[in-house]
Amino acid sequence: MDELDGNRAAGLLREIFGREMTTVAATCASCGAVAPFGETDLYPGGPGTVIRCRTCTSALVVITQIRGMSCVDLMGVRALDE
Amino acid sequence: MEGTAVPGRLTWQVATVTAARSETPSVRTIELDVPSWPGHRAGQHLDVRLTAEDGYSAERSYSIASAAGEGVAITVERLDDGEVSPYLTDELRAGDQLELRGPVGGYFVWEPADGGPLLLAAGGSGIVPLRAILRQRERSGSDAPVRLLYSARTRSEVIYRDELETHHDGVAVVYTLTRERPADWAGYTRRVDRALLAETAWPAGKNPLAFVCGPTSFVETVAGGLVALGYDPGRIKTERFGGTGGR
Amino acid sequence: MSPISRGFRRRHAEPDGAADRVPPGQYVTDGFPVLSAGPTPHTPLAEWSFSVRQGGGTLKSWSWQEFQDLPTETVTVDIHCVTRWSKLGTEWRGVSVDTLLGAVGHDAGYIMAFSDGGYTTNLPLADVMGGKAWVAFGYGGAPLEPEHGGPARLLVPHLYFWKSAKWVRGLELMDEDQPGFWETYGYHMYGDPWKEQRYQGD
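Protein chains in written order, with this note's numbering: chain R, 1 to 82; chain Z, 1 to 247; chain X, 1 to 202.
What the hints contain is simulated information worked out from the structure, not anything from laboratory work. It is possible that part of the hints are untrue.
Going by beta-carbon spacing under 10 Å, a handful of chain Z positions derived as facing chain X [unchecked claim]:
id, residue
1, Thr51
2, Glu91
3, Leu98
Just so it is clear, CB atoms sit at the ideal spot from N, CA and C, and this is done for glycine as well.
Only chain R is shown next, with the shape it has when bound in the complex (with noise of 0.2 Å):
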């Protein structure tokens, strides 16, 4: 499949971060590379999403959303800034 952009799990991360993220720069926890989100590609596999880093393709973060409750996993971020 073609991954998609950061910037189409827009309503997801506001539904769940409560506010506009896709504007929000993440630093990889994996390659250091620092990118806002709307630049990350997006996984929506099956289970969950995945949203992963355009440089090095590891997981930036990885949400699941099970009986109405959210699992973020942000262990892929090392920073996040304006």
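Since the structure of chain R is provided, determine the placement of chains Z and X on it from the hints.
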């Protein structure tokens, strides 16, 4: 936070379809009445959720086709193997309701203060958010010059054709068709490649702001081509729709 | 409570009297949705290998050519995705996991399948033995395409399809059950579609 936090409701709300207009045989624009719509910016999108009687639900994202200050409208292309798009293009009618969430997306957005010159590149239904940008530019009286490169399969699949062919000062539109060579056609007839970009895009020296939207392969070809022409990668915004988009 | 979208229904195919083949909460589809947690890997076959590993070491490994020389089977099975689509009568060609694990001595109770790109999923050993699982490299009579997990993927049709790891490169033998990728994020450790074991706690 100014400019990035979008005010308004975060949750799903119910909207009513006020009109549905066919743009091409497989594309329809749907106008919506959305209570408490906080306003939107050109380039943003909204998420639609449909729920069947048995409780099954499906969500999809659609770029907003209208400018800030206009009513909310989305333009949907029917994907043959789609589950949601055929419903929106063939079944939905005025008076129906659907759930939506938005506006969302702060990344792929243009406001008049961002200036230009603008290089807009659309592959197929990628024209939708770019048309919102054009309408925004018109409504705001911006004089940022625009070059729009629009790739479609055939002439009959060009969306918003009448609107795009209406002359607007400072807007130049170039078409390329990828599956048709009409006898009287003045535009290009091939997939966008670097030579085509070199002939049609603003020179890099003008420090253009580029918005590229469409199927992933189109966006990657164009974005890569613009970088090769010397465009600042930080001034190229992309929105990939995924899949081949039927190119 | 979401309003019902008039006239909207899930795209589905009539199962032709096969209702007893469709687990609860599932819908039959005639398509084959592509859902992935990451980019499609493109490992050249010359670099591909399949390994059975345990405790940090490799018990046995096959190159692509060696893998092709193993006995293969063609099976027709129904598959069920946790996102609620089911596809009936899918034809696959591959090597039975019995053949692969039969080549090594072990007494582990569980396995973790691992794939190019880092994806993992856990299964009890008993659920990949006894003719219940394959490493498949053919689908529908043709080589398995990369977007569907080619060159080879795990195929365990009696469990939800996230257990059928795409781009599989081997099995890690474990004494205890450990959660794989989606299991870590709340999905069921076992995943029996007939008991609707989608999420932990089901």
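Quick rundown of the hints versus the structure:
no. : hint  : verdict
1   : Thr51 : holds (4 Å)
2   : Glu91 : holds (5 Å)
3   : Leu98 : holds (6 Å)
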